[in-house]
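Undergrad: Full structure from sequences and hints, please.
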Amino acid sequence: MSSIRKRAKQLSIVHMGSAPKYWTWEPCSESAYGEVARLNRVCWLQVEGNFSDVPPGLYLARWRIKLERLNFNGNWHVQQFREGVDADGNTKQVGVRETCSSHESPSRNNDKDPAKQRMMQLMQSRVGKGWFHLELSVWNLQEGAKRMKFALNGGNPYWCSGLEIDFFELVPFRLDWGVERLLWLGCLKDKDSNLHSLPRNVVSNILKHLAALEAEVDEEELPRVKNCES
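For the numbering used here, add 3 to where a residue sits in the sequence shown, where the first one is 1.
Hints are computed from structural coordinates only; laboratory data are not their basis. Errors might be hidden in some of the hints.
Only pairs whose alpha carbons sit at most 25 Å apart, straight line, appear in this in silico SDA-like list of lysine to any residue [said to hold, decoys possible]:
hint : residue 1 : residue 2
1    : K149      : N76
2    : K149      : F176
3    : K132      : S105
4    : K115      : L125
5    : K152      : S32
6    : K12       : V88
7    : K12       : H136
8    : K119      : H136
9    : K24       : Q13
10   : K119      : G158
11   : K132      : P109
12   : K12       : S140
13   : K12       : Q82
14   : K132      : N74
15   : K119      : K149
16   : K115      : S164
17   : K115      : R129
18   : K229      : E33
19   : K12       : T27
20   : K24       : N76
21   : K132      : A35
22   : K229      : V130
23   : K229      : G52
24   : K152      : Y25
25   : K115      : N78
26   : K119      : K24
27   : K9        : W28
28   : K132      : G92
29   : K95       : G52
30   : K149      : S6
31   : K119      : R72
32   : K9        : G165
33   : K132      : S108
34   : K149      : V57
35   : K9        : K115
36   : K152      : G98
37   : K132      : N43
38   : K132      : C31
Just so we're clear, the structure is a prediction, and the values are computed from it rather than from any experiment.
TA: What follows is the structure, given as structure tokens:
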């Protein structure tokens, strides 16, 4: 299964197009899409998008961004919706789960919440160091999702700038390939292995279960930042 992605051009960006002093589309040879959204100068920061009918699976939610400076408060949201019915019998979308990783501008940092402090330090560590993935949360969508919404909200009353956005994506979470390869070799090649007698669908389910367990451990480390090439 491949990643589910929304490039910057597919996102709703408040003030984009109203004046180039706020947001602009910039050519970028380091983006697979050839251009990225560049934040030049705003007080109110709002960028959001949606995925509809996400297939069942285990996903990592992340942005590909670049920071020239960190001078804004940021709330990075991811939310899952399902289809429900209201009191009048009308179909509507109901929020199931939401995650939010927040930070303040270092120059205006008054919140001593450890989670916000850690997020601010993570973001500061990437200022001026090129493109990176901001990994936010793991989603175990056993029945899929009617809609997934993601957003960056925040800003700075004294103006914020220096952010570039390439895309947001849901990346299928899987075991390390070396571990997965050994399990499949045991199933398909090693006749002396206990795995060899198992049906392939059972091995697939074992791999999914192990991936889910690994994802639970992995989520304890989120949010985090990682280098990226594309």
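Undergrad: Hint by hint, say whether it matches the structure.
TA: Structure-based check of all given hints:
1. Restraint check: the Cα-Cα separation between K149 and N76 comes to about 30 Å, which exceeds 25 Å; the hinted pair is violated.
2. Pair hint K149 plus F176 holds up; C-alpha atoms about 19 Å apart against a cutoff of 25 Å.
3. Simply put, K132 and S105 have alpha-carbon atoms about 21 Å apart, close enough for the 25 Å limit, and the pair holds.
4. Annotation: proposed proximity of K115 to L125 holds, straight-line Cα distance about 15 Å (limit 25 Å).
5. Note on K152 and S32: the hinted pairing is violated, with a Cα-Cα distance of about 28 Å set against a maximum of 25 Å.
6. Our distance criterion of 25 Å between C-alpha atoms is broken by K12 and V88, whose separation comes to about 33 Å.
7. For the given pair, K12 sits about 18 Å from H136 by alpha-carbon distance, which is consistent with the 25 Å threshold.
8. Restraint check: the Cα-Cα separation between K119 and H136 comes to about 18 Å, which is no more than 25 Å; the hinted pair holds.
9. Of the supplied pair hints, the one linking K24 and Q13 holds, its CA atoms being roughly 20 Å apart against a limit of 25 Å.
10. For the hint linking K119 to G158, the alpha-carbon distance of about 15 Å falls within 25 Å, and the restraint holds.
11. With a C-alpha separation of about 17 Å, the suggested pairing of K132 with P109 holds against the 25 Å cut-off.
12. A threshold of 25 Å between alpha carbons decides the hint, and for K12 with S140 the separation of about 23 Å falls inside it, so the pair holds.
13. Of the pairs offered as hints, the one joining K12 and Q82 holds, with about 21 Å between alpha carbons and a cut-off of 25 Å not exceeded.
14. The hinted pair formed by K132 and N74 meets the criterion: a straight-line CA distance of about 16 Å does not exceed 25 Å.
15. Restraint check for K119 and K149: not satisfied, since their Cα atoms lie roughly 30 Å apart, outside the 25 Å limit.
16. The straight-line distance between the Cα atoms of K115 and S164 is roughly 24 Å, inside the 25 Å bound, and the hint therefore holds.
17. The straight-line distance between the Cα atoms of K115 and R129 is roughly 21 Å, inside the 25 Å bound, and the hint therefore holds.
18. A hinted pair counts as satisfied when its Cα atoms are at most 25 Å apart, and K229 with E33 qualifies at roughly 16 Å.
19. Under the criterion of a C-alpha separation no larger than 25 Å, the hint pairing K12 with T27 is consistent with the structure, at around 11 Å.
20. About 20 Å separates the Cα atoms of K24 and N76, which keeps this hinted pair within 25 Å; it holds.
21. Restraint check: the Cα-Cα separation between K132 and A35 comes to about 19 Å, which is no more than 25 Å; the hinted pair holds.
22. Straight-line distance between C-alpha atoms of K229 and V130 comes to about 13 Å, which keeps the hinted pair within the 25 Å bound.
23. About 22 Å separates the Cα atoms of K229 and G52, which keeps this hinted pair within 25 Å; it holds.
24. A threshold of 25 Å between alpha carbons decides the hint, and for K152 with Y25 the separation of about 24 Å falls inside it, so the pair holds.
25. Only pairs whose Cα atoms come within 25 Å are accepted, and K115 paired with N78 is accepted, the gap being roughly 16 Å.
26. Proximity of K119 to K24 is assessed by CA-CA distance (about 29 Å); at most 25 Å being required, the pair is judged violated.
27. Straight-line distance between C-alpha atoms of K9 and W28 comes to about 15 Å, which keeps the hinted pair within the 25 Å bound.
28. Between K132 and G92 the CA atoms are separated by roughly 52 Å; this puts the pair beyond 25 Å, and the hint is violated.
29. Note on K95 and G52: the hinted pairing holds, with a Cα-Cα distance of about 19 Å set against a maximum of 25 Å.
30. A threshold of 25 Å between alpha carbons decides the hint, and for K149 with S6 the separation of about 17 Å falls inside it, so the pair holds.
31. At roughly 17 Å between alpha-carbon atoms, K119 and R72 fall within 25 Å of each other, so this suggested pair holds.
32. As the CA atoms of K9 and G165 are separated by approximately 21 Å, the hinted pair is consistent with the 25 Å bound.
33. With a C-alpha separation of about 18 Å, the suggested pair K132 and S108 falls inside the 25 Å cut-off, and the hint holds.
34. Note on K149 and V57: the hinted pairing holds, with a Cα-Cα distance of about 6 Å set against a maximum of 25 Å.
35. Annotation: proposed proximity of K9 to K115 is violated, straight-line Cα distance about 33 Å (limit 25 Å).
36. At roughly 10 Å between alpha-carbon atoms, K152 and G98 fall within 25 Å of each other, so this suggested pair holds.
37. Between the alpha carbons of K132 and N43 the distance comes to roughly 18 Å, so the proposed pair stays at or under 25 Å and holds.
38. Under the criterion of a C-alpha separation no larger than 25 Å, the hint pairing K132 with C31 is consistent with the structure, at around 16 Å.
Against the hints set out earlier in the document, violations occur for numbers 1, 5, 6, 15, 26, 28, 35.
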